[in-house]
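Engineer: Now for the letters of each chain:
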Amino acid sequence: MILKRFKRDAKGFFFEGLTLVSALIIITILIVMLVVIIIGGKSMFTWEFLTSFPTEGMTQGGIFPALFGTALMVIIMSIAAVPFGVITAIYLTEYAKENSVIARSIRFAVRTLAVIPSIIFGLFGLGFFIKFVGTGMDSAFMGGQLKWGQPNILWASLTMALLTLPVVIVSVEEALKTIPRELREASLALGATKWQTIRRVVLPGSYSGIMTGTILAVSRGAGEVAPILFTGAAYYLATLPGSLSDQFMSLGYHIYIMTTQSANVDQTLPIQFGTTLVLLLLTFSLNIVAIILRYRIRRRRIA
Amino acid sequence: MILQKIRTENMYLYYGNKMALNNVSISIPEKQVTALIGPSGCGKSTFLRSLNRMNDLIDSVKIEGNIFVDDINIYDKNIDVVNLRKKVGMVFQKSNPFAKSIFDNVAYGPRINGNNNKSELKEIVEKSLRDAAIWDEVKDRLHDSAMGLSGGQQQRLCIARTLAVDPEIILMDEPASALDPISTSKIEELIFQLKENFTIVIVTHNMQQAARISDNTAFFYLGELIEYNKTKKIYTNPDKKQTEDYISGRFG
Amino acid sequence: MNELKQKIDITKKKFRWSDYIAERIIKSVAFLSITFIVLIFFFVFRESFPIFNFSKDAEHKTEQDSSKQAQSNPNEIQEQYGVPAPEPEKQEQYGVVTSDTLTEATIQTSTQETAQQASAQPAKQEQYGVQTADDTSMIENYATSESKATEVSTTDNNKHALKTLVTKDWQPVSDNPRFGLLPLLLGTLKITIISMLFAAPLAILAALYTSVFAPKRLKEIIKPAIELLAGIPSVVIGFFALMIMASFLQDLFGYATRLNSFVGGIAMGLAAIPIIYTITEDALNAVPKTYYEASLALGASKWQTAFFVMLPAATPGIFAAVLLGIGRVFGETMIALMATGNAAMMGLNPFESVRTLAATIGAEMAEVVFGDTHYNVLFLIGSLLFIFTFILNAIAEFWVKGRLMKKIQGK
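So the sequence lines, in the order shown, correspond to chains A, B and C.
Note that my numbering numbers the first sequence so that position 51 is 51, with each residue one more than the last.
Note that my numbering numbers the second sequence so that position 150 is 150, with each residue one more than the last.
Note that my numbering numbers the third sequence so that position 42 is 42, with each residue one more than the last.
Please note that a few of the clues may not be correct.
[To be verified] With a cut-off of at most 20 Å between alpha-carbon atoms, the simulated DMTMM-like pairs for lysine to aspartate or glutamate come out as follows:
#1 Lys77/B to Asp19/C
#2 Lys122/B to Glu137/B
#3 Lys13/C to Asp56/B
#4 Lys177/A to Asp59/B
#5 Lys230/B to Asp245/B
#6 Lys94/B to Glu182/A
#7 Lys12/C to Asp56/B
#8 Lys27/C to Asp266/A
#9 Lys27/C to Glu98/A
#10 Lys100/B to Glu182/A
#11 Lys13/C to Asp245/B
#12 Lys14/C to Asp70/B
#13 Lys194/A to Asp245/B
Please keep in mind that the hints were generated in silico from the structure rather than gathered at the bench.
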């Protein structure tokens, strides 16, 4: 059949083939990347690797502190980003008039937040959270003693929250839009106020959207390194972060540091692959869950 | 003497620059069924939705003239729209139960009014469901999701939900248009019973239905109220030619 | 029930606290996203501002020079640092220590590319310092309680730095620091062009495939797969580029430097592909179905329709897609840090190492002294990146969208 078609329309076959090949190249690179990292890291992917501290000057041992630090960071980040994102999305869908200047400015701001390079967030975290807020807090509460005016997990998480805010807003907005107008009208016609309608009808209907947004934000936050480079990530810590003013280790930063800063790159190669595999699996599984959720939400809108 | 529950005076309604209702003046009597008929796009639904200010939700809508409910101008700037809607309930064309249990659907109105008393809620739910003639069908599965009901049952549930708020007026926007004949006749029967206690305004494109259930009929055409009279009179001896043409099926 | 009826009074507007508060909160929180943009702009710019401010500081300078006394400023971070002495073996070590963990020290990194500073050797030597308290090189010692905040005027440096901004030398750490942005800018442009040459055709053609040609089942595999690619952290792509792609491409093309703008460009292209793909696909799907059908009805074949009707109709959207792709590459930090070699060179050869603007910030911010010229210049680079991506986004948003609307709706 392909041959017949080839004879009939060689040009068409060529151009269609070109598009197909492009798609295949992208998929192939993706698969190769996955396979290489899985093969390289699978021998390290053990319970022990996940739960033990680095030893021997980080040439041996596991990645537990990095895993823990990443988890803690994304939790603090979510606590900050998700309520903000949900509320902004509610404003955009429920309160703002579709084409008002305010709504458009907010949308533009959100999209700008989404395209600002992540390193800029790092600079902002340093300039704002650490040097402005942190130092201000120190002189106000600590009598000038240095506690908050330096990189720590709180500032890193808040910086990351800012970065992931658009992710939450966009997902939640999309979910809120799938709630049929009829349901809002039904509630209002029963004498519910706008806020009652939002709280009792709109929000319960968009839990999956909020979940999707949170998962995507977590996945993004877990993988980003640039924003935490100088806001709180540490090269090596012998103890887990115990308070918000402690620094932390993170998976992504660990990979970066091990590949470029380590004294003996070859010797730590298995650890590098292992860490990359862990980070990849983490973000991947989160993304897959989010993609499935999102497709289900979209299907609901069509139905 | 029959009380006039709703009265409009020289009412105009615009969508942006487009006029949708042109100088509508009408009085709707208490505890009767008033049907609004006319071809689609004639403004009958728009008119209905302005009676409980649902049109407020659409930014581009502008209204001139006066609408009185119980002699209170409901477009006065001091009007509490939320309470107005408790007084003027609405049933929509497409049944729109919440994705909650049957019980929670009916209890929604009382709950947002701050009534959380379990036994009272139970009482209100049962009474509303009975009044909406659906109690026997759902009494054993009150805590199942309302989405599992059939279309006709869902619509009666929506009526029950409206009744639970205990309104004085019920607006119905083609409540049976999406239903099968059996469900439709059940709804019609229900409307007939409900008019004992409620003032009902119903939009329908089904003229037989209007003839069967209504006491008064208003015929809208291109945003204007062409004719308004006792249903019997409209269907047997209309004053206007347009009305006669429409009723005899010459257009629309 | 009748009591309830009596209670309903519609003639007076009832004040509902919960609604009022909810609305207030929601509105003000929503406004914050605009505030954030302003804050980001302000604070990134603020830290780079001193560099333009030398004339005012110059007065302070004499005062400081004569007295040689530190000025204390409570609003600044307390810092104590030694003036970096040139090291004999051209290696710098440094560590950051929090005061209460001196023994189990937080070992901070330094990303010292000695090679660059010596400006000749391609190989780079890196070391992280294991903290020793008497480290003779640059020590930043936070929280040393006895220290008064000290600030050394960097005025003359600022004056000097401003002059060197448009030179070809990026040598921020030397006796005669030069902050020439040209090699960084050139490096960034090189990477951007390479990555776009790689990513844009692939992503656009792939989008064309999924929106016009692909059977439904294949579409449902390709689209989520590319979404997954979007979800891969850039540090993982960087790792892949550094560990596997670099050697593979070197074997393939046989160039000398393993990490160069070519490898970096391809790797960044991988990061840009999902963005370009997604927006292009949206743009293609927004082309009215009638265009497609009309073209087929006129006897055009499917591929002719795709290339001569669909693609042109979606041009503004594709343009926006590429713009946002460029924005992504321009500001990408981790891949640049890991896969480009990080040498600030001026050559046009794609197989030479380069250093991008973003990577420079990422690599050097950790080692600078807060508040000195180098620090300010890094923030200046940040401001440039911010302004650049902001403008790109604004163009993509307003100009392109306007054109798209015009084109499709014929207004």
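Engineer: Indicate, hint by hint, whether the structure satisfies it.
Structural biologist: Here is how each hint holds up against the structure:
Distance restraint check for Lys77/B and Asp19/C: the Cα-Cα separation of roughly 18 Å lies within the 20 Å cut-off, and the hinted pair is therefore satisfied. Under the criterion of a C-alpha separation no larger than 20 Å, the hint pairing Lys122/B with Glu137/B is consistent with the structure, at around 17 Å. Taken as a hint, the Lys13/C and Asp56/B pair is honoured in the structure, with Cα atoms around 16 Å apart against an allowance of 20 Å. For the proposed pair Lys177/A and Asp59/B, the alpha carbon gap of about 17 Å is at most 20 Å, so the pair holds.
Distance restraint check for Lys230/B and Asp245/B: the Cα-Cα separation of roughly 18 Å lies within the 20 Å cut-off, and the hinted pair is therefore satisfied. Annotation: proposed proximity of Lys94/B to Glu182/A holds, straight-line Cα distance about 8 Å (limit 20 Å). A C-alpha spacing of about 18 Å is found between Lys12/C and Asp56/B, which places the hinted pair at or below 20 Å, so the restraint holds. Between Lys27/C and Asp266/A, the direct Cα distance comes to roughly 54 Å. Violation of the 20 Å bound is thereby established for this hinted pair.
Distance check on the hinted pair: Lys27/C and Glu98/A sit about 15 Å apart at the alpha-carbon level, within 20 Å; holds. Distance check on the hinted pair: Lys100/B and Glu182/A sit about 15 Å apart at the alpha-carbon level, within 20 Å; holds. Of the pairs offered as hints, the one joining Lys13/C and Asp245/B is violated, with about 45 Å between alpha carbons and a cut-off of 20 Å exceeded. The suggested pairing of Lys14/C with Asp70/B holds, with an alpha-carbon distance near 19 Å, which does not exceed 20 Å.
Straight-line distance between C-alpha atoms of Lys194/A and Asp245/B comes to about 44 Å, which puts the hinted pair past the 20 Å bound.
Of the numbered hints stated above, those contradicted by the structure are hints 8, 11 and 13, listed in ascending order.
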